[in-house]
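The primary structure of each chain is shown beneath.
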Amino acid sequence: EAGVAQSPRYKIIEKRQSVAFWCNPISGHATLYWYQQILGQGPKLLIQFQNNGVVDDSQLPKDRFSAERLKGVDSTLKIQPAKLEDSAVYLCASSLDRGSYNEQFFGPGTRLTVL
Amino acid sequence: AQKITQTQPGMFVQEKEAVTLDCTYDTSDPSYGLFWYKQPSSGEMIFLIYQGSYDQQNATEGRYSLNFQKARKSANLVISASQLGDSAMYFCAMRAVSGNEKLTFGTGTRLTIIP
Numbered sequence: 001e002a003g004v005a006q007s008p009r010y011k012i013i014e015k016r017q018s019v020a021f022w023c024n025p026i027s028g029h030a031t032l033y034w035y036q037q038i039l040g041q042g043p044k045l046l047i048q049f050q051n052n053g054v055v056d057d058s059q060l061p062k063d064r065f066s067a068e069r070l071k072g073v074d075s076t077l078k079i080q081p082a083k084l085e086d087s088a089v090y091l092c093a094s095s096l097d098r099g100s101y102n103e104q105f106f107g108p109g110t111r112l113t114v115l
Numbered sequence: 001a002q003k004i005t006q007t008q009p010g011m012f013v014q015e016k017e018a019v020t021l022d023c024t025y026d027t028s029d030p031s032y033g034l035f036w037y038k039q040p041s042s043g044e045m046i047f048l049i050y051q052g053s054y055d056q057q058n059a060t061e062g063r064y065s066l067n068f069q070k071a072r073k074s075a076n077l078v079i080s081a082s083q084l085g086d087s088a089m090y091f092c093a094m095r096a097v098s099g100n101e102k103l104t105f106g107t108g109t110r111l112t113i114i115p
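Residue numbers (this note's numbering), protein chains in the order written: chain A, 1 to 115; chain B, 1 to 115.
This is chain A alone, in the form it adopts within the complex (with noise of 0.2 Å):
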């Protein structure tokens, strides 16, 4: 079974530039995260959605990030303009379903570098 896909691995971009990371879950996997890890810290939640509509996004900083699951199965995260302390490691994740059973599987992670 493949697992959960991201692209690109690394990326270096300047304040105030944009970026965008692509998420390919696990086949039939009805709910994916993304989470935001800074170094030496745990992930945290960005962003929820359930099949193609969202469940949470409290802690999304809306007014430059933003994200979209269309049709139920490949997510695009967006940062624009990016900040310096938005460089972290962007973590893509996926649940059969949702319930506090559903193991999440995750994807390698999307590292970005903002100078």
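No lab work stands behind these hints, which were simulated from the structure alone.
From a predicted model like this one, the values you see are computed outputs, not experimental measurements.
Taking lysine to aspartate or glutamate and the DMTMM-like style, the derived pairs with C-alpha atoms no more than 20 Å apart in a straight line are:
# : chain 1 : residue 1 : chain 2 : residue 2
1 : B       : LYS102    : A       : ASP57
2 : B       : LYS102    : A       : GLU103
3 : A       : LYS11     : B       : GLU44
4 : B       : LYS3      : A       : ASP56
5 : A       : LYS44     : B       : GLU44
Model the placement of chain B on the given structure of chain A, informed by the hints.
Coordinates of chain B only, in the frame set by chain A:
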């Protein structure tokens, strides 16, 4: 609100010894799940073990076991017979059954196995 506390930023353990990684949590939800993830230097989060708040027995998965003490709100991970490949960051996380079921992570413990 949920909170996970991991008080050990780093640990060094001799190969083949057992190691206990501490995790305490705080939540007002009566029903929740507790998770442990391993994050090697490659960056991917690897699910290790799950414990439900109403599970009567402590969870075990191979060399991993979870020492769940509900009254103390602790969920320590025990790794038996440690191996060099166990060197990684370890994150404790929890997820409530009610509400948005967001996965909340601790700050992690960096485990280094010494040959």
